[in-house]
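Protein chains in written order, with our numbering: chain A, 663 to 929; chain B, 663 to 929; chain C, 663 to 929; chain D, 663 to 929; chain E, 663 to 929; chain F, 663 to 929.
No lab work stands behind these hints, which were simulated from the structure alone. Worth double-checking, as some hints may not be accurate.
It does not matter which identical chain is used: a pair holds within one copy or between any two.
[As the list claims (entries may be wrong)] Under the rule of at most 25 Å between Cα atoms (straight-line distance), these lysine to any residue pairs were calculated in the SDA-like manner:
| id | residue 1 | residue 2 |
| --- | --- | --- |
| 1 | 777 | 865 |
| 2 | 819 | 867 |
| 3 | 814 | 902 |
| 4 | 814 | 917 |
| 5 | 770 | 689 |
| 6 | 819 | 684 |
| 7 | 770 | 758 |
| 8 | 814 | 767 |
In this text, all values refer to a predicted model and were calculated from it rather than measured experimentally.
6 protein chains.
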Amino acid sequence: DFKRALDEVRPAFGIATNEFEGTRPNGIINYGPAFQKLYVDGQAFVDQVAKANRTPLLSVLLTGCAGSGKTALGATLAMESNFPFVKLISPEQMVSYTESAKCSRILKVFQDAYKSPYSFIMIDDIERLLEYVPIGPRFSNVVLQTLMVLLKKQPPKGHKLLIVGTTSLSSTILGTLGLERCFSAALTVKPLQSPDDIKVVLAATEAFATPEALDQAVQLVPQGIAIKQLLLVVEMARAGGDVADVARFGECIADYASTAGMADLEF
Amino acid sequence: DFKRALDEVRPAFGIATNEFEGTRPNGIINYGPAFQKLYVDGQAFVDQVAKANRTPLLSVLLTGCAGSGKTALGATLAMESNFPFVKLISPEQMVSYTESAKCSRILKVFQDAYKSPYSFIMIDDIERLLEYVPIGPRFSNVVLQTLMVLLKKQPPKGHKLLIVGTTSLSSTILGTLGLERCFSAALTVKPLQSPDDIKVVLAATEAFATPEALDQAVQLVPQGIAIKQLLLVVEMARAGGDVADVARFGECIADYASTAGMADLEF
Amino acid sequence: DFKRALDEVRPAFGIATNEFEGTRPNGIINYGPAFQKLYVDGQAFVDQVAKANRTPLLSVLLTGCAGSGKTALGATLAMESNFPFVKLISPEQMVSYTESAKCSRILKVFQDAYKSPYSFIMIDDIERLLEYVPIGPRFSNVVLQTLMVLLKKQPPKGHKLLIVGTTSLSSTILGTLGLERCFSAALTVKPLQSPDDIKVVLAATEAFATPEALDQAVQLVPQGIAIKQLLLVVEMARAGGDVADVARFGECIADYASTAGMADLEF
Amino acid sequence: DFKRALDEVRPAFGIATNEFEGTRPNGIINYGPAFQKLYVDGQAFVDQVAKANRTPLLSVLLTGCAGSGKTALGATLAMESNFPFVKLISPEQMVSYTESAKCSRILKVFQDAYKSPYSFIMIDDIERLLEYVPIGPRFSNVVLQTLMVLLKKQPPKGHKLLIVGTTSLSSTILGTLGLERCFSAALTVKPLQSPDDIKVVLAATEAFATPEALDQAVQLVPQGIAIKQLLLVVEMARAGGDVADVARFGECIADYASTAGMADLEF
Amino acid sequence: DFKRALDEVRPAFGIATNEFEGTRPNGIINYGPAFQKLYVDGQAFVDQVAKANRTPLLSVLLTGCAGSGKTALGATLAMESNFPFVKLISPEQMVSYTESAKCSRILKVFQDAYKSPYSFIMIDDIERLLEYVPIGPRFSNVVLQTLMVLLKKQPPKGHKLLIVGTTSLSSTILGTLGLERCFSAALTVKPLQSPDDIKVVLAATEAFATPEALDQAVQLVPQGIAIKQLLLVVEMARAGGDVADVARFGECIADYASTAGMADLEF
Amino acid sequence: DFKRALDEVRPAFGIATNEFEGTRPNGIINYGPAFQKLYVDGQAFVDQVAKANRTPLLSVLLTGCAGSGKTALGATLAMESNFPFVKLISPEQMVSYTESAKCSRILKVFQDAYKSPYSFIMIDDIERLLEYVPIGPRFSNVVLQTLMVLLKKQPPKGHKLLIVGTTSLSSTILGTLGLERCFSAALTVKPLQSPDDIKVVLAATEAFATPEALDQAVQLVPQGIAIKQLLLVVEMARAGGDVADVARFGECIADYASTAGMADLEF
Ligand SMILES: Nc1ncnc2c1ncn2[C@@H]1O[C@H](COP(=O)(O)OP(=O)(O)OP(=O)(O)O)[C@@H](O)[C@H]1O
Ligand SMILES: Nc1ncnc2c1ncn2[C@@H]1O[C@H](COP(=O)(O)OP(=O)(O)OP(=O)(O)O)[C@@H](O)[C@H]1O
Ligand SMILES: Nc1ncnc2c1ncn2[C@@H]1O[C@H](COP(=O)(O)OP(=O)(O)OP(=O)(O)O)[C@@H](O)[C@H]1O
Ligand SMILES: Nc1ncnc2c1ncn2[C@@H]1O[C@H](COP(=O)(O)OP(=O)(O)OP(=O)(O)O)[C@@H](O)[C@H]1O
Ligand SMILES: Nc1ncnc2c1ncn2[C@@H]1O[C@H](COP(=O)(O)OP(=O)(O)OP(=O)(O)O)[C@@H](O)[C@H]1O
Ligand SMILES: Nc1ncnc2c1ncn2[C@@H]1O[C@H](COP(=O)(O)OP(=O)(O)OP(=O)(O)O)[C@@H](O)[C@H]1O
Ligand SMILES: [Mg+2]
Ligand SMILES: [Mg+2]
Ligand SMILES: [Mg+2]
Ligand SMILES: [Mg+2]
Ligand SMILES: [Mg+2]
Ligand SMILES: [Mg+2]
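Based on the provided sequences and hints, a complete structural model is requested.
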């Protein structure tokens with residue numbers, strides 16, 4: 663049934679639902695079983711809300727390190743849900759809003775959702791919505807409390823709601839904030855763990871001219887790299903052209919690994 | 663007299679009083695002596711306010727871990743009290759209110775209650791009303807102080823008031839906040855502790871086709887699961903249908919136990 | 663002269679001065695020497711302000727654990743003072759006021775008092791006026807400073823003022839806040855310490871049908887119970903009737919001792 | 663010259679300069695050398711400002727424990743200075759002012775002073791002006807900074823200014839706040855240290871009928887009592903009459919020593 | 663290709679793009695390989711954004727100690743990019759703006775940039791924009807969060823954006839703030855590390871009359887001096903004339919090294 | 663050249679430049695080499711800005727303990743600079759301004775300065791401008807950041823600016839605040855260190871009638887006394903006349919040393 667799920671995934675790649683499009687600039691690459699499991703689990707939640715009568719409210723938290731693909735996964739589930747109401751709550755929509763303006767906007771999305779029979783709300787990058795910074799730590803308690811209440815509030819009778827959140831906050835912090843407890847379930851999105859996964863991703867970029875070049879490139883990539891970073895390094899190696907020279911790819915990935923952008927990698 | 667109390671409980675299940683209905687989506691299942699004791703104790707407080715002449719003000723705090731059924735129990739007592747004034751104070755009514763707007767609304771409910779000869783106010787999810795977060799800890803001292811004063815304020819002569827509060831805050835935190843001391847009494851709502859309790863709940867869902875399936879399912883459930891979580895897992899296992907396959911139920915409960923939603927379980 | 667003082671107390675029980683009435687729902691029971699001493703000392707302060715020429719300002723702080731009877735004692739002294747201006751400052755009058763609104767109201771009471779030749783101001787439940795919570799600790803420094811200044815401010819020439827404050831804050835906290843130093847004197851109101859005291863209180867409730875029942879009941883009560891809690895338990899044991907069954911009284915006091923409401927008892 | 667100074671003091675007792683009168687309800691008792699030294703030193707500062715050409719600005723801080731007589735000493739110096747501009751800055755004038763309203767009023771007094779050739783400003787009870795509380799500690803930094811700047815600001819050419827401040831804050835706190843450094847000099851007002859001092863004070867009250875009674879009373883007083891407290895206890899012992907019974911005086915002073923009001927005494 | 667890059671640099675010295683001119687008062691001196699590497703790397707990012715199709719957004723953080731030349735390097739890259747939209751965000755433009763006014767202005771620059779096909783935004787002196795001070799530490803979380811969101815926000819389809827930030831904050835602080843992670847890459851600008859580098863800089867000032875004087879001067883300079891400080895000391899040594907006497911240069915650099923201005927030097 | 667500098671200093675004593683006059687009530691006494699070095703160094707900075715073409719912006723921080731003469735030195739440099747724009751920024755001008763009003767005024771002075779070809783801004787008593795208090799520590803970060811940005815902002819092309827700051831803050835605090843790094847250089851103003859220095863100062867006051875009296879007085883002064891305090895004690899010893907009696911001088915300096923005003927002396 664891995665096969666069947668895969669088949670289901672592919673056609674979906676072309677689907678584009680309003681604001682979610684832009685959050686997934688490089689589409690979705692089915693890079694192997696790790697992704698497949700996440701994707702199938704995510705779809706099960708969508709199905710549950712769509713079909714079951716006694717679960718009007720479900721919420722799933724996608725956690726994982728920076729660039730691991732949380733936003734892209736959530737957006738894909740949203741776009742494929744075919745729910746009549748599908749809406750994104752994202753910090754980019756609210757740059758330099760006051761805390762209370764943020765809360766109003768978030769509340770508005772939920773109130774709109776309560777009017778639709780089936781609704782899908784994605785709350786992206788929760789740490790930025792919360793204005794979280796580990797010094798202190800500081801965060802907007804007003805936004806946090808608003809989210810905590812809305813995550814547990816039942817939609818009106820006969821209406822159903824699925825909420826998908828994404829965050830890079832660690833499980834410890836989420837626990838301390840009490841946020842984890844407000845979600846029905848949590849899924850962890852991992853960085854690329856095996857050479858096989860990495861190879862699928864590099865192949866999908868069509869940046870390497872020959873299978874040999876591809877194999878060499880795979881050798882150069884540290885395991886545990888986030889898919890977003892890997893795709894960026896490929897672009898750097900392309901240097902404006904279509905083909906990535908393996909030597910240049912090696913330089914780029916080395917430079918990269920030595921600077922801030924890779925700070926989160928666990929080799 | 664367990665029998666008699668049980669009889670008293672059942673007919674009450676059908677009673678629906680305004681806003682309380684929605685807080686008890688799955689009704690009340692009398693899952694055994696642990697519940698029975700709580701229920702009888704709760705009713706004794708209602709009776710005291712209803713009948714005694716020298717107790718114009720009583721307040722009871724329902725504590726217990728997430729999902730243990732505090733809200734459902736409080737709502738049941740409220741609906742069955744037959745008091746002319748029965749009112750819910752809940753954070754869901756006040757999403758993104760300012761602290762002072764919250765206080766005004768809370769105060770308004772009490773002022774309305776003072777006009778009725780018999781009033782029942784349920785203050786649900788006190789930690790959310792307080793905007794409590796353990797980091798700091800931070801909370802709205804304005805809301806806390808408002809509650810503390812109102813919890814001790816006598817209704818006008820000839821009027822009677824019962825206040826039921828619910829919270830998941832630990833006894834330690836409640837003590838430090840000084841909230842516990844403001845209630846006349848406290849009742850602890852426990853998660854499901856014995857296979858017997860769990861069996862009653864699973865049976866009540868009518869999700870398992872045969873007695874054998876039911877027995878197998880009971881084996882799979884970790885003791886100490888909250889009733890709210892258990893009912894959710896049953897729904898997941900139903901996967902949109904009426905019957906829950908035992909195997910799928912096992913998967914769901916395992917998945918569940920490994921993620922955030924189960925964080926509060928004590929196995 | 664214990665006798666004489668007692669005589670003085672009794673008739674006073676019927677006196678009712680405006681807002682103070684409601685703060686003493688169960689009247690005053692002269693439960694023995696411990697109370698007698700407090701009451702006589704309190705009256706001495708009233709007399710001093712009433713009669714002496716060189717003490718235009720006196721202030722007394724009543725401290726003691728929750729429910730020990732501070733408010734009732736203060737209210738009794740106020741009602742019996744026969745001063746032309748007798749006023750209560752209480753947090754219940756100022757629910758959800760801003761800090762500065764609280765200060766204005768407090769200041770107003772003092773300004774009114776300065777116009778009367780003899781004034782008695784009772785500041786009830788100072789910890790709630792201060793919005794004190796031990797976490798931090800947090801409190802309204804604006805209210806605290808307002809009280810500190812007003813407690814030491816001389817009334818205008820020829821006017822006299824007695825201030826009685828009540829609080830459950832510990833001596834340590836009061837000292838740190840610097841509040842204790844602002845009062846001319848302090849009296850400690852203790853919970854019920856001896857079986858004799860408890861017996862007087864239980865007898866006064868007339869809840870026990872026979873002297874034997876009364877004696878049995880006294881045995882059941884833990885020493886150090888606050889008078890307010892003891893009176894509440896008697897009501898619970900009455901269960902709406904006039905007579906309290908000793909067995910039920912025992913259950914109630916046991917239940918009670920095991921929950922939050924008794925948290926302050928020192929057995 | 664002790665004699666001469668004493669003579670100078672006495673007639674001054676009758677002098678009344680506007681607002682300072684009320685701050686010294688019991689006048690000034692020259693209780694011995696300890697007071698004499700303070701008084702002479704204080705007058706030297708007044709003289710310096712009055713006569714010297716090159717000292718347009720001087721400031722003196724009177725420190726000492728609660729009730730030791732700081733305000734009375736400062737007020738006496740102010741009333742006797744015969745400066746054309748003599749003004750009191752006191753927290754009692756600014757109850758529940760905002761921090762910035764306090765600063766405006768303080769600034770206004772200084773600006774008025776700059777218009778007079780000779781000015782005397784007394785800043786009473788600096789800890790209350792600062793809204794100081796040791797928890798935190800918290801205080802109004804706005805008021806503190808305003809005082810610090812004004813204490814060092816030269817009056818306009820040809821104008822002279824003497825500032826006398828009073829406070830019970832410890833030298834350590836004053837140092838940490840940086841306030842001590844802003845004054846040209848500091849004088850410490852001590853509580854009554856010797857039986858001789860106490861006897862002078864008790865004698866001056868004329869409360870004891872015979873020399874023997876006076877001597878007995880002196881024995882009862884703990885050394886280190888503040889003059890303000892001692893005078894209050896005498897009034898209590900008078901119980902509305904003119905004469906204080908020694909026995910009653912003993913009771914009052916014992917009661918007093920055991921409660922809050924005496925918290926600062928060092929026996 | 664060091665040669666080629668050098669050639670590319672020189673003509674650029676004359677280019678002046680609006681507001682960037684003033685940030686580079688002493689132009690750019692190609693003082694050797696350390697600078698050359700930084701400059702080439704910086705240009706590679708400009709090229710990537712200019713030419714590649716799949717990298718619409720790149721961001722580079724220039725870190726390094728005070729005066730090491732971060733601003734000058736960033737300004738040079740900006741001026742040479744020939745992008746139609748080149749804009750500076752600098753704390754000097756926003757002196758005494760409120761936090762939210764700062765955010766509005768920052769946001770405005772980004773919104774303008776989104777309208778141009780190719781945009782270059784330089785965010786100079788990020789620690790000052792953040793109002794960072796290590797005590798606390800304190801900083802404007804509102805500005806920080808605004809930057810964090812804007813640094814990751816994709817420009818609209820078909821538009822490209824390069825962001826260059828500069829800061830003296832340590833890597834540790836940047837990591838804790840979570841800022842480092844928001845940039846695609848980071849480059850470290852070092853102070854002058856070798857006598858060769860120092861000699862190139864001193865020679866470029868044309869302050870020393872003879873090669874011998876130049877060599878002597880080089881000996882006097884501590885390694886690890888920031889280029890900005892070195893250029894200032896040369897000016898001091900010129901004392902208003904064109905030529906710097908070596909002896910005076912020695913005094914100046916010694917004075918300098920012993921005072922605050924050199925606090926960051928690591929000898 | 664000590665001689666030459668001295669000659670330069672003297673005539674300057676008569677120069678009076680607007681607002682700076684009042685900050686130097688006792689003029690400048692050239693008390694020896696320690697002062698001479700400071701004075702010459704200060705003038706070098708003035709010359710550098712006046713004559714050099716490539717140093718449009720210089721800033722010098724005068725640090726030193728309370729009363730050591732920082733303000734007087736800075737004011738002297740300002741008055742003697744003969745720059746067309748010479749302006750004082752001082753906390754005394756901004757008593758009880760809000761933080762943002764302070765920033766506006768500071769900014770205004772700089773904006774005015776940018777219009778003059780040569781400008782001299784003295785920022786006096788930076789700790790008071792910052793409202794610094796070591797408890798916390800607390801300070802106005804808004805004012806701090808404003809100063810930090812303005813201290814590094816280049817004046818417009820063709821304009822030159824010298825900034826002199828004064829402060830008693832320790833080097834450690836200045837470093838932590840990051841203020842020291844914002845100045846081009848720092849000079850430390852020391853208290854009077856040797857009997858020779860003290861003798862010059864005492865002689866300059868012309869308070870002692872004979873050389874012997876002068877010598878005796880010098881013996882009485884603790885080394886390390888600040889010049890401001892020494893001059894005040896002389897005035898106290900004069901007691902309104904012209905001549906200071908040595909005995910009285912001894913008493914005054916002893917009194918002084920034992921109280922707050924001398925807290926900063928290091929004997
Ligand atoms: N299977 C995949 N899963 C997730 N992302 C994928 C996948 N295949 C390709 N991508 C691409 O990888 C990138 C993943 O970035 P995305 O923004 O989703 O990560 P993220 O975890 O949300 O990052 P951040 O922590 O910065 O929010 C996107 O550009 C997406 O188009
Ligand atoms: N005997 C019972 N007691 C309580 N709840 C029951 C019982 N039987 C069934 N339920 C159902 O179990 C659920 C209990 O959830 P409820 O919201 O009351 O828990 P809670 O403790 O208030 O949770 P939370 O900590 O999230 O506020 C409700 O859906 C309720 O209808
Ligand atoms: N001798 C007595 N002294 C005090 N209260 C008495 C006495 N006799 C009877 N009572 C009753 O006991 C109760 C005492 O409660 P009261 O509110 O005065 O206590 P409290 O110490 O102010 O409590 P809290 O700490 O909650 O403010 C009142 O109902 C009062 O009528
Ligand atoms: N020699 C004296 N010195 C000071 N006060 C005296 C003296 N003789 C009599 N008194 C009286 O003693 C009292 C001293 O109280 P005062 O308010 O001055 O003390 P304080 O130190 O300012 O107290 P607080 O710390 O409360 O401000 C006054 O009533 C004053 O009239
Ligand atoms: N190769 C170079 N790189 C950088 N700056 C140079 C170079 N050559 C000359 N300069 C000059 O050196 C000075 C560097 O100062 P700049 O302000 O750029 O440093 P900064 O690291 O941004 O300092 P700050 O930490 O104060 O922001 C400028 O005056 C610049 O004109
Ligand atoms: N050579 C001198 N240097 C400095 N001040 C002198 C000198 N000769 C005389 N003075 C006088 O000494 C006093 C020095 O006080 P000044 O206010 O300058 O000290 P400060 O260090 O700024 O003090 P503060 O720490 O209080 O700001 C002034 O009155 C000044 O006129
Ligand atoms: Mg994301
Ligand atoms: Mg609940
Ligand atoms: Mg009370
Ligand atoms: Mg006083
Ligand atoms: Mg820079
Ligand atoms: Mg100064």
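Results of checking the hints against the structure:
Taking the shortest Cα distances, residue 777 and residue 865 never come within 25 Å of each other, neither inside one copy (44 Å) nor across copies (34 Å). Proximity of residue 819 and residue 867 under a CA criterion of 25 Å is satisfied inter-copy only: 19 Å between copies versus 47 Å inside one chain copy. In this homomeric assembly, residue 814 and residue 902 come within 25 Å of each other (Cα to Cα) only across copies, at 21 Å, whereas the closest approach inside a single copy is 48 Å. Taking identical chains as interchangeable, the C-alpha atoms of residue 814 and residue 917 lie at most 25 Å apart only when they sit on different chains, with a minimum of 20 Å there against 45 Å within one chain.
Taking the shortest Cα distances, residue 770 and residue 689 never come within 25 Å of each other, neither inside one copy (29 Å) nor across copies (30 Å). When the C-alpha separation of residue 819 and residue 684 is checked against a cutoff of 25 Å, the pair qualifies only between copies, where the shortest distance is 8 Å, while the shortest distance within a copy is 33 Å. Taking identical chains as interchangeable, the C-alpha atoms of residue 770 and residue 758 lie at most 25 Å apart whether they share a chain (18 Å) or sit on different chains (11 Å). In this homomeric assembly, residue 814 and residue 767 come within 25 Å of each other (Cα to Cα) both inside a single copy, at 18 Å, and across copies, at 21 Å.
Checked against the numbered hints above, the structure breaks hints 1 and 5 and satisfies the rest.
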